[in-house]
Structure formats: structure tokens, C-alpha cells
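Spelled out from the first residue to the last, the chains are:
There are 2 protein chains.
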Amino acid sequence: MKAEIITIGDELLIGQVVDTNSAFIATKLNEAGIHVCQITSVSDNREHIMEALDNAKERADIILMTGGLGPTNDDITKNTLCEYFKVGLRFDAEAYKDVEFVFKIRGREVTEINRKQAEIPENSIALRNKNGTAPGMWFDVNGKVYVSMPGVPYEMKALMEDEVIPRLQKRFTLPIIVHKNVLTIGIGESFLAEKIAAWEASLAKDNIKLAYLPSVGMVRLRLSSSGDDAKILTQKTEKKIEELKTIVGEFIFGYDNDTLEGVIGAMLKERKQTISTAESCTGGYISHLITSIAGSSDYYVGSVITYSYEIKTLELNVSADLLNIKGAVSQEVVEQMASEVRRKFKTDYSIAVSGIAGPSGGTPEKPVGLVWVAIATPERVFSKKFQFANNRLRNIQMTSNAALNLLRKEILADKS
Amino acid sequence: MKAEIITIGDELLIGQVVDTNSAFIATKLNEAGIHVCQITSVSDNREHIMEALDNAKERADIILMTGGLGPTNDDITKNTLCEYFKVGLRFDAEAYKDVEFVFKIRGREVTEINRKQAEIPENSIALRNKNGTAPGMWFDVNGKVYVSMPGVPYEMKALMEDEVIPRLQKRFTLPIIVHKNVLTIGIGESFLAEKIAAWEASLAKDNIKLAYLPSVGMVRLRLSSSGDDAKILTQKTEKKIEELKTIVGEFIFGYDNDTLEGVIGAMLKERKQTISTAESCTGGYISHLITSIAGSSDYYVGSVITYSYEIKTLELNVSADLLNIKGAVSQEVVEQMASEVRRKFKTDYSIAVSGIAGPSGGTPEKPVGLVWVAIATPERVFSKKFQFANNRLRNIQMTSNAALNLLRKEILADKS
Numbered sequence: 495m496k497a498e499i500i501t502i503g504d505e506l507l508i509g510q511v512v513d514t515n516s517a518f519i520a521t522k523l524n525e526a527g528i529h530v531c532q533i534t535s536v537s538d539n540r541e542h543i544m545e546a547l548d549n550a551k552e553r554a555d556i557i558l559m560t561g562g563l564g565p566t567n568d569d570i571t572k573n574t575l576c577e578y579f580k581v582g583l584r585f586d587a588e589a590y591k592d593v594e595f596v597f598k599i600r601g602r603e604v605t606e607i608n609r610k611q612a613e614i615p616e617n618s619i620a621l622r623n624k625n626g627t628a629p630g631m632w633f634d635v636n637g638k639v640y641v642s643m644p645g646v647p648y649e650m651k652a653l654m655e656d657e658v659i660p661r662l663q664k665r666f667t668l669p670i671i672v673h674k675n676v677l678t679i680g681i682g683e684s685f686l687a688e689k690i691a692a693w694e695a696s697l698a699k700d701n702i703k704l705a706y707l708p709s710v711g712m713v714r715l716r717l718s719s720s721g722d723d724a725k726i727l728t729q730k731t732e733k734k735i736e737e738l739k740t741i742v743g744e745f746i747f748g749y750d751n752d753t754l755e756g757v758i759g760a761m762l763k764e765r766k767q768t769i770s771t772a773e774s775c776t777g778g779y780i781s782h783l784i785t786s787i788a789g790s791s792d793y794y795v796g797s798v799i800t801y802s803y804e805i806k807t808l809e810l811n812v813s814a815d816l817l818n819i820k821g822a823v824s825q826e827v828v829e830q831m832a833s834e835v836r837r838k839f840k841t842d843y844s845i846a847v848s849g850i851a852g853p854s855g856g857t858p859e860k861p862v863g864l865v866w867v868a869i870a871t872p873e874r875v876f877s878k879k880f881q882f883a884n885n886r887l888r889n890i891q892m893t894s895n896a897a898l899n900l901l902r903k904e905i906l907a908d909k910s
Numbered sequence: 495m496k497a498e499i500i501t502i503g504d505e506l507l508i509g510q511v512v513d514t515n516s517a518f519i520a521t522k523l524n525e526a527g528i529h530v531c532q533i534t535s536v537s538d539n540r541e542h543i544m545e546a547l548d549n550a551k552e553r554a555d556i557i558l559m560t561g562g563l564g565p566t567n568d569d570i571t572k573n574t575l576c577e578y579f580k581v582g583l584r585f586d587a588e589a590y591k592d593v594e595f596v597f598k599i600r601g602r603e604v605t606e607i608n609r610k611q612a613e614i615p616e617n618s619i620a621l622r623n624k625n626g627t628a629p630g631m632w633f634d635v636n637g638k639v640y641v642s643m644p645g646v647p648y649e650m651k652a653l654m655e656d657e658v659i660p661r662l663q664k665r666f667t668l669p670i671i672v673h674k675n676v677l678t679i680g681i682g683e684s685f686l687a688e689k690i691a692a693w694e695a696s697l698a699k700d701n702i703k704l705a706y707l708p709s710v711g712m713v714r715l716r717l718s719s720s721g722d723d724a725k726i727l728t729q730k731t732e733k734k735i736e737e738l739k740t741i742v743g744e745f746i747f748g749y750d751n752d753t754l755e756g757v758i759g760a761m762l763k764e765r766k767q768t769i770s771t772a773e774s775c776t777g778g779y780i781s782h783l784i785t786s787i788a789g790s791s792d793y794y795v796g797s798v799i800t801y802s803y804e805i806k807t808l809e810l811n812v813s814a815d816l817l818n819i820k821g822a823v824s825q826e827v828v829e830q831m832a833s834e835v836r837r838k839f840k841t842d843y844s845i846a847v848s849g850i851a852g853p854s855g856g857t858p859e860k861p862v863g864l865v866w867v868a869i870a871t872p873e874r875v876f877s878k879k880f881q882f883a884n885n886r887l888r889n890i891q892m893t894s895n896a897a898l899n900l901l902r903k904e905i906l907a908d909k910s
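Chains as they are written, first to last, in our numbering: chain A, 495 to 910; chain B, 495 to 910.
Calculated from the structure, these hints are not laboratory results.
As the structure is a computational prediction, the values presented were derived from the model and not from experiment.
Any given hint might turn out to be false.
Same chains, same label: a pair holds when it works inside one copy or across any pair of copies.
Keeping only pairs whose Cα atoms sit at most 25 Å apart, straight-line, the calculated DSS-like set for lysine-lysine is [what the hints assert, rightly or not]: (1) Lys664 x Lys766; (2) Lys624 x Lys860; (3) Lys820 x Lys551; (4) Lys551 x Lys730; (5) Lys638 x Lys733; (6) Lys699 x Lys860; (7) Lys598 x Lys689; (8) Lys763 x Lys820; (9) Lys522 x Lys879; (10) Lys860 x Lys598; (11) Lys878 x Lys598; (12) Lys725 x Lys598; (13) Lys624 x Lys879; (14) Lys879 x Lys598; (15) Lys522 x Lys689; (16) Lys591 x Lys860; (17) Lys820 x Lys703; (18) Lys860 x Lys733; (19) Lys551 x Lys733; (20) Lys580 x Lys860; (21) Lys651 x Lys860; (22) Lys598 x Lys763; (23) Lys580 x Lys551; (24) Lys699 x Lys733.
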């Protein structure tokens with residue numbers, strides 16, 4: 495079964511609003527075994543909306559629209575749908591109840607302009623909107639389903655989950671699609687592709703599709719397959735992932751919605767261990783990642799961010815001599831930082847980083863993007879040098895992910 | 495001049511990735527006086543990409559594409575463009591230099607698969623990608639311009655700003671559009687709209703359009719006008735902004751690409767003053783914002799992140815009694831944190847925050863979203879209570895922005 499999404503609104507085409515609705519709708523459709531072939535954003539323009547509908551129905555069985563259902567004059571989706579289907583409007587008493595309800599909780603009388611929100615095209619069914627005044631609308635015309643939803647994300651989301659997906663499941667016989675994501679870090683996309691080329695080629699036999707989705711220092715591998723039996727699809731996919739682990743297991747840190755900081759947090763929580771950080775060039779970003787996880791206070795106690803030489807000495811006992819001789823971006827300094835914050839904060843592990851985030855501040859010996867990362871554990875202190883590029887924010891993110899990954903591997907090694 | 499955007503990638507159609515590229519590209523095109531009529535997302539599929547190109551060229555003069563330029567097999571945009579334009583590939587020596595550069599800073603040899611990144615369709619010009627291995631590609635065919643860019647946002651952004659927009663400005667005669675953004679913080683969108691209603695109504699006389707762009711605790715007001723004379727447009731706009739300042743000046747912290755942390759940094763730099771932070775619930779995010787500014791080492795010396803009670807006592811001399819009686823999220827504790835980090839780190843200013851980021855950890859007296867922010871200055875220590883909502887990451891961002899704004903206003907007041 496094929497679907498297309500049409501998002502309607504001038505704000506999308508001037509770049510004022512990022513279209514997050516499409517990704518949500520696409521996720522829900524895919525989970526339901528419906529393949530999305532195109533997402534189209536058009537302005538609040540009659541001809542253009544109708545043209546988009548004409549094109550979409552050539553390719554798809556299901557056309558989901560969002561936007562353009564507000565009570566003001568710039569919202570024209572409803573009237574355009576009447577014109578498109580050559581029908582008039584009818585007043586829907588059920589939809590009006592929701593309009594009344596929304597005004598009641600706001601403590602106001604329904605205005606005339608909002609009474610019109612309960613008028614829908616004659617050939618449509620109203621889908622209840624618990625969160626706003628514009629009902630969703632469901633059209634079943636010549637074997638194709640068209641749905642119009644408001645563009646306000648939380649109104650659309652409730653409509654999708656409570657009304658649209660259940661109705662589509664009743665209306666069509668849908669296949670099952672299984673997606674599984676494998677998250678890797680520490681290996682570039684092309685090196686990864688080389689390493690797993692034979693494995694990748696073997697996926698075709700099981701009708702599994704593979705996609706590479708790179709982000710800062712990470713590559714997400716997505717395996718997708720479709721069929722009739724979720725259990726069999728899942729088993730086939732998991733078998734392939736087991737094979738993958740034997741090839742590039744050292745680079746795999748998680749699956750699906752895992753994050754590096756979440757995976758580390760879960761390990762520390764399970765082991766009842768704690769962590770602290772001493773950051774220079776990352777300026778608190780590693781701490782931010784760690785504390786972005788709810789419940790991180792169970793294992794994260796604190797950090798020092800030592801941007802200046804003086805604070806490195808004051809807080810982490812890094813000797814002024816060492817700083818002057820070796821420089822702040824050096825193995826000796828970063829290892830001292832890691833040891834000292836671990837000792838002082840009495841944690842099991844610590845991370846320390848020092849580097850040149852850029853864009854300025856580099857020298858021929860120590861160019862922008864040079865970073866030292868140290869990890870202190872109950873057993874040892876060790877460090878690793880990295881060379882990133884010239885973009886400050888990206889260097890901060892790359893350093894943070896590299897440091898967290900170094901820690902993750904060390905915690906894992908401590909297990910054995 | 496009309497443009498269309500085509501974003502290519504299976505990950506968009508299964509909802510795994512939100513298409514943020516389109517909004518960025520649309521913003522840049524609009525700023526350059528180019529009207530975007532449609533945004534289309536299609537999968538990594540030959541026929542579908544070509545169909546999207548065929549449809550787009552019927553409506554637009556400029557077609558910008560992102561995605562599908564990676565070195566792996568699932569990326570097919572480049573070969574599809576060859577097929578579409580009926581041309582072969584040629585090796586581009588300039589583009590190869592960028593591939594070599596990327597590998598060199600990673601300290602690695604260029605692999606065969608990546609050497610191919612420098613091959614581009616014969617009828618295209620390579621656009622330099624400083625941040626990755628896939629060059630942008632510029633096609634000028636039958637009076638229409640087609641551009642293909644990588645889907646990685648920071649690679650695409652640099653290409654748009656450094657290459658695509660300047661080339662479009664040369665290639666076409668574009669109308670002049672003047673945009674000016676006024677950045678406000680500390681006032682909600684609807685309150686702001688009420689306060690400036692009369693001023694907003696007066697904009698029509700000068701043919702200036704206004705848009706409200708809200709983000710975390712901030713509202714960006716964008717004034718836009720178009721015409722033939724940039725100077726006149728700019729003067730009219732600036733006059734209106736001067737009027738606006740007299741109405742809501744206290745909420746305005748900057749213009750256009752300013753950031754709160756950048757504005758504060760510039761003030762501190764100019765005054766040769768310094769800052770430190772003591773963070774609890776923000777977990778390093780305030781430090782991250784401050785240090786995201788290049789050159790922040792001129793005024794930022796460091797921070798302590800005191801997530802646990804023990805570290806608040808150890809690092810910031812907060813007495814255990816005070817913590818037990820008043821709790822970590824209290825005026826007394828946060829003011830002590832601010833004073834102590836300022837004293838210890840010998841800075842002119844300091845920020846301290848303590849709160850309940852959530853989603854759990856709230857009590858009836860201290861609900862999730864409750865935050866205390868303190869500022870210490872050479873003259874005084876003061877604090878303010880905030881009540882945010884239930885979303886952890888949003889609470890961290892809202893707290894950080896509120897704290898930075900409190901500091902900004904205090905630094906400004908110290909001037910007078």
C-alpha cells in the first residue's frame with residue numbers, strides 16, 4: 495500500500511517552520527506497513543494544492559494532508575477540497591461538540607468564525623479533534639483515501655494515532671514492515687562499507703534493505719524488510735545483526751533509539767558506578783550530554799570546566815610548569831586532569847578532554863582540531879589523541895562523542 | 495524567480511530523519527528574493543528522482559537538491575543525474591583536492607570508493623565542499639539551474655552560503671529583499687503581539703511585512719520588504735526598528751544572527767571582564783553555550799557542575815545543613831553557589847542555577863520545572879525563581895537562556 499503526504503502552508507516554503515509533521519506521519523505509516531513514496535510541501539494556494547493532489551493520487555492509494563484548516567482567511571484547504579471533489583459544505587454536529595468543548599475550557603463563547611470550523615465537505619467523515627477546533631476529514635473516493643488534518647503538531651499527532659491509523663488498518667489489508675537500526679561509532683561510513691561489503695551483499699537473499707545514515711562521528715545502519723509475518727521478519731533481521739556483530743561488533747554501541755550517553759548511563763546505573771568529567775575544549779558539552787538523560791543524577795556527580803590555565807591549576811592541581819612546558823593540549827595535562835577530577839569527586843570513572851576547538855588558536859605543532867582525551871578508571875589512566883577538522887561546534891561534538899565512546903569501551907572491558 | 499527544493503533519501507520517507515535542510519534552503523532563497531513554490535521529498539529511487547525533476551522544472555527556474563551523494567551503494571543521486579542529463583562522469587581534480595584534504599586531516603589514505611567522490615557529471619561544475627568528500631554540483635541546462643548538494647546539514651549549509659547563493663545572484667537578476675531580524679527574550683509571542691499591535695499595523699504603509707518566529711523563551715521578529723533600492727529599504731526598516739525599541743526595547747537583546755551568548759561575550763570582551771558558572775540542573779549547558787562562541791577564552795575561565803549534594807559542599811562550600819533544611823533548589827543555595835564560584839574563580843560575574851529538570855523528581859512544593867537562577871556581580875548577588883514545564887531538555891534550554899538574559903541585563907545596568 496502506498497501513501498503520500500502533502501503539507502500545506504506558506505510558513506513551510508519560506509523556511510519559517512521546519513516540517514516535523516511529515517516525519518511523524520511517515521513513521522506511523524511505516525510502522526503500519528504503508529510505504530510513503532513522496533512528501534510534498536505546497537503553499538496555501540488553490541491551484542497548487544489541487545495539482546499536488548492530482549499528482550499524488552497517480553502514485554498513491556492514501557493521501558494524507560496537514561495544514562490550512564485554521565479559521566482565518568489564509569487557510570483554504572477545506573474550500574479547496576470542496577472544489578477538488580466538486581461538493582459543498584455540510585454542518586457536522588459531532589465536530590461542533592469538539593469546537594464547543596475547546597471554547598468551554600478556554601471559558602469563551604463560540605464565535606461565528608469558529609462555528610464554521612464544524613462545516614466539512616459533504617463527501618467527508620469528520621475525525622474527532624480533541625485538542626483543537628478543526629476536525630480531521632476522511633474522504634474515500636474512487637478507491638483512494640484522502641485525509642486532511644490540522645497542521646498543529648499535537649492536534650495532528652492525536653488524530654493520526656486515535657483515528658487515521660486505526661481506520662487505515664480497517665480499510666486496507668496491510669503488510670508488515672520491520673525496521674532495525676544498528677548504531678556504530680568510531681568508523682567512517684566508507685570504511686564501514688568496505689568492512690561489511692560481503693555481509694551487505696548477503697542481505698538481498700533475505701530481502702533486507704540496508705541504509706547508511708551518518709551523523710557526528712557515528713553511522714546508523716538501518717535494516718528494513720517487509721512481508722506477512724512480523725516474527726519471521728524480526729528473526730531474519732536479528733540473525734543478520736548477529737552476523738554483523740562478528741564483523742564490526744567493536745564499533746556497535748546500540749540499537750534503534752539508543753544514544754551513546756544513554757547506553758553509558760544504563761551501564762553505570764546497573765553497576766552502581768559513578769562518573770565525573772574535567773573539560774576544557776568541550777566547555778561542558780560532555781556533561782550536557784550525560785545530564786540530558788533523565789535519572790543521570792544516579793551516576794553523574796559533577797564536573798569541572800577548566801578553560802583557563804589558572805583554573806586547571808586551582809581545580810585540578812595541574813602544575814604551572816607542566817602547562818608551560820607541555821601546553822594545555824598535551825597527554826600529560828589531560829591525564830592529570832582525569833586522575834585529579836576522579837580522585838577529588840570520588841567517582842569510579844572520569845573523562846578529561848583538552849584540545850583546540852578553533853577556528854583560531856592553532857599552531858603548526860598543535861593545529862585546530864587537535865584533541866587529547868583521557869579516561870581514568872579504578873585501575874588506570876590512559877589517553878588518546880584525535881585530529882578533527884576546522885569547525886568549532888563540530889569539533890566539540892566529535893570530541894564529546896569520541897570521549898564518551900572511549901569510556902564506553904573501557905567500561906565494557908572492565909566487565910570481562 | 496521561482497525555485498523548488500527536492501530532498502532525497504529513504505530516511506526522510508520512513509520518518510527517521512526530519513527534513514531540516516529544506517527550511518534552511520528556503521530561508522536562504524527567500525532572503526535572496528527567490529520564491530520557493532514546492533518542497534518535495536523522494537526516496538533513493540531512480541525513476542522517482544527523475545519524475546520529481548521533471549515536475550519541478552515545469553514550475554521553477556532553479557531546482558536545488560540535497561542527499562544521496564554518499565560513497566555507498568544506497569546513494570544514487572549522482573548516477574541518476576547522469577542518466578537524467580544523458581551524460582557520463584568526469585574526474586574533477588579540484589574536487590579531489592577536497593577529498594584528499596578531508597582524508598589528510600583524518601590522517602588516512604584516500605580509499606578507492608572515496609576517490610569516486612570526485613567524479614561528477616560531465617555537464618556539471620563542482621562546488622567546493624570544505625566539510626566533506628561529496629562536492630556540490632551545478633548544472634545550467636536549457637536556462638534552468640539545477641544544484642545537487644550533500645544531505646549532511648553542515649556540509650549543505652556551507653555550500654549554500656559560500657557557493658550556491660552567490661552563484662545564483664550572479665546568474666539571475668533578483669529583486670532586492672531586505673530582511674532585518676529583531677531578537678527578543680523574556681516576553682511571550684501573544685503578549686509581544688499585543689504590545690506592538692499599533693506599531694505592527696503601521697508597517698503596511700512602508701510595505702514592510704512582519705513575521706513572529708518563536709523559539710525557546712525567545713521571539714524573533716522578522717521585518718521584510720522588497721523593492722529596487724537596498725538603501726531606501728534598509729533606511730525604512732531601521733526607522734521602524736528604532737520605533738520598536740521605544741516600545742519593547744527592554745526585551746530586545748540583538749539583531750539578525752546575534753545569539754544571547756554572543757552578545758554577552760562581546761560585552762564582556764569590550765569591558766575586559768570575566769565570567770564563571772556553577773550549574774546544577776543545566777548540567778553544563780550554560781557553559782556549552784558560552785564556549786560555543788569562538789574566542790570565549792578571553793572572558794570565560796571555567797565552571798563547576800555540581801550535580802550531587804556532596805559536590806556542592808566540596809566545590810562551592812554550600813553547607814550540608816543548608817542543603818538539608820532548604821534543599822538544593824532554593825534561593826539560599828543558588829546564591830551561595832554564585833558567590834562562591836565567583837570568589838573562587840576570581841571572575842567579575844558568575845551565574846548559578848539549581849532546579850528540577852524532570853521529568854521526575856518533583857514534589858508538591860517543588861514541582862518539575864522549578865528553577866532558581868542567581869547572578870553574582872562585583873556589587874551584589876541576586877536571584878530569581880522561574881517555573882517552566884515538564885520537558886527535560888526544554889527546561890534545560892529555557893533555564894540557560896533565562897540565566898544568560900538575567901546576566902545580560904545586569905551587565906547592561908552596570909554600564910549606567
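Each hint tested on the structure:
1. Lys664 x Lys766: For Lys664 and Lys766, the Cα distance exceeds 25 Å both inside one copy (43 Å) and across copies (62 Å).
2. Lys624 x Lys860: Between copies only: 20 Å across, 49 Å inside.
3. Lys820 x Lys551: Neither, since 67 Å and 59 Å both go past 25 Å.
4. Lys551 x Lys730: Cα proximity of Lys551 and Lys730: none, with 34 Å in one copy and 43 Å across.
5. Lys638 x Lys733: neither (38 Å within a copy, 49 Å between copies)
6. Lys699 x Lys860: neither (50 Å within a copy, 57 Å between copies)
7. Lys598 x Lys689: For Lys598 and Lys689, only the inter-copy Cα distance (21 Å) is at most 25 Å; the intra-copy one is 56 Å.
8. Lys763 x Lys820: Neither, since 37 Å and 28 Å both go past 25 Å.
9. Lys522 x Lys879: This pair counts as neither: shortest intra-copy Cα distance 39 Å, inter-copy 38 Å.
10. Lys860 x Lys598: Between copies only: 15 Å across, 53 Å inside.
11. Lys878 x Lys598: between (50 Å within a copy, 19 Å between copies)
12. Lys725 x Lys598: This pair counts as neither: shortest intra-copy Cα distance 45 Å, inter-copy 46 Å.
13. Lys624 x Lys879: Between. Shortest inter-copy distance 23 Å satisfies the 25 Å Cα cut-off; intra-copy 45 Å does not.
14. Lys879 x Lys598: between (51 Å within a copy, 15 Å between copies)
15. Lys522 x Lys689: neither (30 Å within a copy, 39 Å between copies)
16. Lys591 x Lys860: between (58 Å within a copy, 23 Å between copies)
17. Lys820 x Lys703: neither (50 Å within a copy, 57 Å between copies)
18. Lys860 x Lys733: neither (46 Å within a copy, 48 Å between copies)
19. Lys551 x Lys733: Neither way: Lys551 and Lys733 sit 38 Å apart in one copy and 45 Å across, limit 25 Å.
20. Lys580 x Lys860: neither (67 Å within a copy, 48 Å between copies)
21. Lys651 x Lys860: neither (43 Å within a copy, 28 Å between copies)
22. Lys598 x Lys763: neither (35 Å within a copy, 40 Å between copies)
23. Lys580 x Lys551: Within. Shortest intra-copy distance 16 Å satisfies the 25 Å Cα cut-off; inter-copy 29 Å does not.
24. Lys699 x Lys733: within (13 Å within a copy, 68 Å between copies)
In summary, the numbered hints that this structure violates are 1, 3, 4, 5, 6, 8, 9, 12, 15, 17, 18, 19, 20, 21, 22.
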